[in-house]
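Undergrad: Input sequences plus hints: build the corresponding full structure.
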Amino acid sequence: MSKNNKRQFKLPGSVLAKIRAPDSEQDTSKEPLTAVDFNEQGMVFEESGDRWFSSDLSKALRFYYRAHESYKQALKLDPLLNGALYNLPRLEFEVYNKFTKDESVISDDLINCADALNSCGPEGLFKDIQSLCKSFEVSINILHQAGKAEFIEWASYFNMAMCYFEYIENMGNDPSCLQNLGLKNELILTVQRCISLFDKVFCHMTNVLNNNAIDETVNLEAAAVVCTESYRMLASVYETLYNADLVAVMDSITSDFITKIDSFASTLSIDIIPPDTLTTLKIAKLMLNASRHQDFGQFLQVWSSENELNEILEKQLLEASSIRSFLEKYETNDIQIPLEIKWSVLSVMANQYRVINNKLREEITLLENSKSSENDALSSKISLLCSVFIERADIDLERSLMETPDAMQHKSILFNNCKNFLKNALIFSKKSGGLRESISGKNIRKKKQREALMRLCLIEGKSQDEWNQIIGEKYWPVEIEAIANVDAYKNFFS
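Residue 317 in the working numbering is what sits at position 317 of the sequence shown, and the numbering runs on without skipping anything.
If a hint is listed, it holds; no wrong ones were tucked in.
Here are the computed distance ranges between Cβ atoms for each label pair: (1) Pro-405 / Ser-463: 30 to 38 Å; (2) Lys-431 / Pro-477: 24 to 32 Å; (3) Ser-54 / Ile-341: 41 to 49 Å; (4) Ser-54 / Gln-409: 46 to 54 Å.
Think of the hints as simulated: they come from the structure by calculation, not from any bench.
Note that beta-carbon positions come from the ideal geometry of N, C-alpha and C, so glycine has one too.
TA: Here it is as structure tokens:
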């Protein structure tokens with residue numbers, strides 16, 4: 001589950017509206033002639049894509065492609081146009097998050113999108129995460145080299161930092177990134193670059209908030225979001241470090257920055273920041289503190305150290321997910337964990353997901369009975385519960401295969417639990433997400449359904465022909481590739 005969690009990182013809507021607003025009203029009835037015209041046309045296309053995204057992914061992508069073409073044309077006419085230099089890499093990163101990173105989106109299901117889907121390479125709409133980082137760098141460097149660094153929006157640095165954050169998370173999936181962890185190591189260099197970008201944002205915000213400088217895009221809520229994402233970025237790094245030496249190396253890189261975030265966060269007025277935003281900030285700080293520990297007992301102690309957060313669902317989900325990451329950082333580096341300790345860790349995680357499971361079912365019942373459920377509120381809870389059922393199935397299957405006294409005593413019970421959890425995931429994935437459910441919400445539910453079906457097919461010994469019928473010929477290869485990385489299911493591959 002930890003690998004599938006969606007990280008929400010958008011700035012507050014009030015901030016985005018002010019940053020993205022065109023300098024003047026765009027007359028859409030006229031053909032664009034100037035660089036400014038093309039940039040504003042691109043923004044109109046992009047806003048259309050945003051509107052269609054909830055109901056028609058294909059149409060949304062076609063609008064995003066048209067926006068991308070408009071931004072590129074604007075820069076051909078004026079390579080120094082600040083708005084287009086900001087919009088181009090930002091849109092590319094947005095499309096990455098909405099279409100590439102989101103595993104529920106299947107490109108074969110998109111209709112009449114060949115131009116967009118084939119738009120790859122250095123100037124294409126679709127880029128891998130490393131190329132996206134370069135795209136941001138190019139835009140920033142153009143303005144620096146032209147002596148116009150003062151015109152760079154702080155949001156450009158923030159978006160760029162988030163792109164590097166994504167790159168860091170991707171690198172963390174490859175254990176080799178920790179080899180020869182020194183000043184020239186790619187992970188270290190990327191973390192340093194990400195820190196420098198967040199630092200630029202902090203410097204600008206500090207100047208605005210402390211000196212009453214004029215910048216309508218800076219407010220305390222936006223500042224809290226930047227602190228939260230900085231903590232999360234650092235936590236994602238520490239979650240991969242499996243010994244004290246690696247932690248010490250990373251501490252030498254990050255300690256000053258952590259102190260700066262702590263200091264900046266402490267100045268934020270809690271009376272003005274929305275409670276949910278403040279809670280998310282506190283949880284992110286807790287996650288960072290826990291991720292730095294190698295001892296499981298100390299790790300859990302940190303997670304339970306803030307009594308006010310212990311009953312909050314967001315905190316419970318992140319804690320359970322971080323326990324999985326705690327195990328994975330050793331297992332992916334071929335470091336053996338004593339079976340008794342692993343049993344204990346898995347049991348703690350199983351109990352936490354049981355509590356989360358019950359809480360989500362209660363929330364779903366309330367939303368189903370409420371006539372005021374907004375947008376994807378119900379759908380997202382259903383999909384989240386499906387993820388929890390699947391995670392519980394994976395945990396109990398893994399426990400059933402262990403050779404500890406407790407595991408062997410409860411082997412058949414745990415195996416049956418696994419199947420029942422997967423069947424429950426199927427049942428809930430077929431529930432309605434509400435009248436206002438978006439197409440993305442529906443796609444995520446279908447994705448959870450396929451994840452559960454693929455697991456059931458494996459443990460029940462179904463043939464590949466049956467996979468075609470049950471899951472779909474174009475869908476099961478994606479699911480089997482994902483499950484291949486889950487140790488508990490490796491025994492079921494023929």
